[in-house]
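> Could you slot chains B, C and D onto chain A? The hints should help.
Protein chains in written order, with my numbering: chain A, 225 to 589; chain B, 225 to 589; chain C, 225 to 589; chain D, 225 to 589.
Read the hints as simulated data drawn from the structure, not as lab findings.
For clarity, every value in this text was computed on a predicted model and none was experimentally measured.
Treat the hints with caution; some may be incorrect.
According to the in silico footprint, chain A covers these stretches of chain C (three or more CB under 8 Å from chain A) [to be verified]:
no.	stretch
1	304-310
2	333-342
3	375-382
4	407-417
5	490-503
One-sided excerpt, in silico: chain B residues whose CB lies under 10 Å from chain D [said to hold, decoys possible]:
no.	residue
6	Gly230
7	Phe338
8	Ser484
9	Gly495
Note that the Cβ used here is the ideal one computed from N, Cα and C, for glycine as well.
4 protein chains.
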Amino acid sequence: MPNIFGKVFTIATWGESHGGGIGVVVDGCPPNLPITEEEIQFELDRRRPGQSIITTQRKETDSVTIVSGVYEGRTLGTPIGMYIPNADQRPEAYAEIKKKFRPSHADYTYLTKFGIRNHEGGGRSSARETAGRVAAGAIAKKILRLAGQVEIRAYVSSIKDIQAPASETLPSLEAVEATAVRCPDPTTAEKMIALIKSARRAGDSVGGVIECRVKNLPTGLGEPVFDRLEADLAKGMLSLPATKGFEIGSGFSGTRLTGSQHNDPFENRRGRIRTSTNRSGGVQGGISNGEDLVFRTAFKPTATILKPQSTVDTEGNETVLRGRGRHDPCVLPRAVPIVEAMTALVLIDHWMRQSAQNRTFRFGD
Amino acid sequence: MPNIFGKVFTIATWGESHGGGIGVVVDGCPPNLPITEEEIQFELDRRRPGQSIITTQRKETDSVTIVSGVYEGRTLGTPIGMYIPNADQRPEAYAEIKKKFRPSHADYTYLTKFGIRNHEGGGRSSARETAGRVAAGAIAKKILRLAGQVEIRAYVSSIKDIQAPASETLPSLEAVEATAVRCPDPTTAEKMIALIKSARRAGDSVGGVIECRVKNLPTGLGEPVFDRLEADLAKGMLSLPATKGFEIGSGFSGTRLTGSQHNDPFENRRGRIRTSTNRSGGVQGGISNGEDLVFRTAFKPTATILKPQSTVDTEGNETVLRGRGRHDPCVLPRAVPIVEAMTALVLIDHWMRQSAQNRTFRFGD
Amino acid sequence: MPNIFGKVFTIATWGESHGGGIGVVVDGCPPNLPITEEEIQFELDRRRPGQSIITTQRKETDSVTIVSGVYEGRTLGTPIGMYIPNADQRPEAYAEIKKKFRPSHADYTYLTKFGIRNHEGGGRSSARETAGRVAAGAIAKKILRLAGQVEIRAYVSSIKDIQAPASETLPSLEAVEATAVRCPDPTTAEKMIALIKSARRAGDSVGGVIECRVKNLPTGLGEPVFDRLEADLAKGMLSLPATKGFEIGSGFSGTRLTGSQHNDPFENRRGRIRTSTNRSGGVQGGISNGEDLVFRTAFKPTATILKPQSTVDTEGNETVLRGRGRHDPCVLPRAVPIVEAMTALVLIDHWMRQSAQNRTFRFGD
Amino acid sequence: MPNIFGKVFTIATWGESHGGGIGVVVDGCPPNLPITEEEIQFELDRRRPGQSIITTQRKETDSVTIVSGVYEGRTLGTPIGMYIPNADQRPEAYAEIKKKFRPSHADYTYLTKFGIRNHEGGGRSSARETAGRVAAGAIAKKILRLAGQVEIRAYVSSIKDIQAPASETLPSLEAVEATAVRCPDPTTAEKMIALIKSARRAGDSVGGVIECRVKNLPTGLGEPVFDRLEADLAKGMLSLPATKGFEIGSGFSGTRLTGSQHNDPFENRRGRIRTSTNRSGGVQGGISNGEDLVFRTAFKPTATILKPQSTVDTEGNETVLRGRGRHDPCVLPRAVPIVEAMTALVLIDHWMRQSAQNRTFRFGD
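This is chain A alone, in the form it adopts within the complex:
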């Protein structure tokens, strides 16, 4: 079941960039949740290509239809099927890449793995697949918000070597959405946008880091061993196209501290047990401790560029690939809602699991 994610709140995505469309089945969603297509469309619009001048100019409306599981505005507890038809397909654009493996794309590995591939637009490896996750994530976010005012906020913290100032709290959604690059610091955002535009002009691309913070998360989510909260978040993040790294709390830079510098002392803050610092990033022993979750995901520069590149064709001949047409010089702005969606999917699943094992029965003393 390689296209299924989550153990209790489960999603199955389907669809390629070609063909009828893409979609998702959400299985295990609690009943009676008020949800509308508009709420889901809101998140899809944040992911949609062509939304701003610094993303790909491909036009996709990504209009979602809920085809099952919701009745008179509320979830039924049955699987929620959602469908997003494909549009703007231009198979002729794919003539060259039919026979040439694009460097650092999935063309070669897909063909090796399956013995067949659809060369049109990347098929299943296309970022288009993530629309299904965003649609499912919108439902998960809604539940988290209603159930515990849990807020998930992702934002671009660096593009290439332009780094936003560190933030200690969740930026507002408005601050994130204020600029096309989804970096909440306006001065940095301006520089990032200029850099992305310059990469586009050069036919090149850039990568960067997205940080995500979650507040109001209950304590107790995550499991001691394999299903540590950070392990499932890491899996969720590295399951996104173009990702190369994940870190939580102090992350890689924390390895340069000593234990006495790194440990988070406990304190009693207004009757609640809290940590004075948050180098743990909100998890200890794999389990949420009530502090803000903080983690970062590294996105490589987009593999599609317009510069000529050495490669090999399907018959093994060395050749040159000359990019042409539209390209997306930087995926990070559109990846922000995707990071939030995957985060929401991980959290809701762990919340329901925590409830099943640790809240269903109470045996007192």
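Same frame as chain A, now just chains B, C and D:
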């Protein structure tokens, strides 16, 4: 099923640092594999406490018994039960931490999650649990070696700010095992050992980074979407105690390159399609491409230190925890075989899944 | 993941009898399989309401569209999304049952479970959901046929107390399809049809037993313990609406024999190890032994009848439900392709699992 | 993961009849449950060989040790490892069957499937494996009893053609345990015992049917589609050695009624919605409706008999197997606690799943 890992080659670990012992059930192991307790013990000995002067001085022999699934030296295809009795338990050592939450340990979160905890030695959060994974991983490594000469080699690449020179190939097992710190570069290893000893004397601890390289891995392992090979490796690594980050190939530093600098051109090398560089780290589109797998895992400095620390007791009173007794100033040397074990478990599972979906039936052209 | 079935060849169904439509995602299907919408439609037409005078007269065309996972007539190895839009919805027909629980339907239990239900046409409990299984099963059947000439044949063996003569071999598809009741014995079929017509006239309903035989199944499918082949077949059958029992081989009547009467002696038949009799029904120790699979499923009389029935309304008042409109006096003829589909789904999953564990690696002697 | 059962309350069994022993890991058990080895031993003693004159005379004490997951008499929420060492192994007893396939045993299919088998005592196919399930089931039963006074009672309802009178309520545990055959009707029990003794003397064996009733089960357990409560019970029962059939409520005999005879009318009984009859067997639409669960499982006559039987040896030669030594003329008395254990495992898993999806979040009106 929070203590179960893998979809086809599956392991279930059990056991705490107190009580009868720990163990693992390996479910789905192919039959007819020659395997002995000695081969498994070899890996356990690399993980064992007290093996060198720079690790914890706790004495545990970690003697494994195969209790099922192997008959006359070969696997039966039935579940392999392995059992490692506990030893050297000193409940009296835990008197203080019974009531005080150790900073950056799992004490507080376990109690919050389950409403009960065993305070003796960390219970399930103890690194002792990983012995079960190492035992299972030894079997996975054996299969990978027999089936495709796949070699997995982890090694310490940095401790605090001491960084080993970058390596482009797998170091030999001998080079890794030559020093107590398991860094294959002898000069760096010497500095690392000195640093760890100094941290021990100071009652403090240090962290670092473990790099892992895999060679001879077949192409085609990993799935396009959720179960990308790097996603499952990230989950495996972040499921280890004390980890804070994961990166594959170019990782976080790759975000500072442009696409034209970062992409790996394809070439035809002696009749095989290869990439000229390996910033991808051996995976493209979530699937192995035949190059070496290369990834790194960040380990924080050990939470147990002997310096006094501010904390809170189980009744919410602020207090001071004074560490005493034995402590492990740096977990990385012992984590090296654990990283290898988790890697082997991820790879064998994907290999069997790849076989099931893409090799069971051949429909030709 | 309550709406997901299978471990390696996995399906997720979605959709209710109201709303946009129903569908299925097939995850894990081998690539390169030639498949067309027509092949799938063929099976759906066998399940379709209104196909003959003895089934419900509801008109549904059940037209399937493959929306992903198939490219130029072959599977890609990616998830296959299939979509069957709803038609012929008459919400006004459901006014009475909005407030009254239909006896032996799922109205009461759904409301109790979820706290909400869609009363229109049974929602998720409607047999309409099985169309998704039939579509997925059509793919599984195709693979089984191509890979090993495996043939699955279900047929009605009894309706109420009319019992077809026992068969020792697979009847032909033609013989099964020759009559509206799908009983391959023409004389019995005639009596069954008369009985069903008479039940319809009386506003009543009848049940019966469907037998299923599978030939050319390889040995070795099924697992020793929980996932015995008969256990998964039993689960598959009892997951169908209106089923009350399952038996394999000698079944319940085998309990009246002694061991010496019941055991199947082995013999060497033309160089192949075979059993002289087949009271085992094709499985021994949970694993297929190369003989025909033979099992039977009991279907209760349809719960929807037109006679007045005592019941309770949603406010707890005792009342009378007066059935009206169309009803299906006997589900068995339409259940025949559904039984075949679920059988195919169980078998393909076990075949791929057998391959993964026991064929991926060969360790010789 | 063929040796793993359950989605939220999960068990993994391991062990063969030879070797060190057998055991089980219970993963997902709620914390704080008071449980002792004695409670588990009680159920194991009911399953133990040699307990009465009508079962096998093999002596096994089946002494269980809890090796993890329980601390000071309460579950920790971590995996519970339980271990039952093997005893009374007589490898010399297996000389003949090393080379000859026992009819209607798993010898041939295991060898075919795995290419290797342990011929000593059936290995994994031995009923000995069920001891792990009984140990895990004892925990599940305890939870069900504490949480909702749920009582599970299995009993022998027929042996060969001796049928106990139908019962409409749960017999007491005392009535079941009063006779060696575990049939609560004393007169029938006496006849059954005589029949079993006579089968033993003849070197033959007999089968029969075990009925199981569950009272006080909450409504709402079970899922609409694949994981219907009866589907998972059917799987659980058919996963037991020697089973050939399963039926719930009216079962196979219900197929001989009309809908108007078969439907269970609803009524308001003292303010609670109930059904007047219970041909549904406690489930409607796959979900428990608050009535008693009632289902039956068919067990074939034991395959091991002492009469000579035609068979084939591992080289394909036709030969005769002459049984000798001890044999178990009827497994049903010992299967009673096993049926109860599997039932408890299915119910607890569904209860926790129901809680996770439908009780974790409440969205009101």
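> Now tell me, hint by hint, if it's right for this structure.
Do the hints match the structure? See the list:
1. 304-310: holds (count 3)
2. 333-342: n = 6 at 8 Å, threshold three: holds.
3. 375-382: Violated - the stretch 375-382 of chain C has 0 residues with a Cβ nearer than 8 Å to chain A, which falls short of three.
4. 407-417: violated (count 0)
5. 490-503: violated (count 0)
6. Gly230: Where the cut-off is 10 Å and the nearest Cβ of chain D is about 8 Å from B:Gly230, the hint holds.
7. Phe338: holds, 4 Å
8. Ser484: violated, 45 Å
9. Gly495: Violated, about 35 Å.
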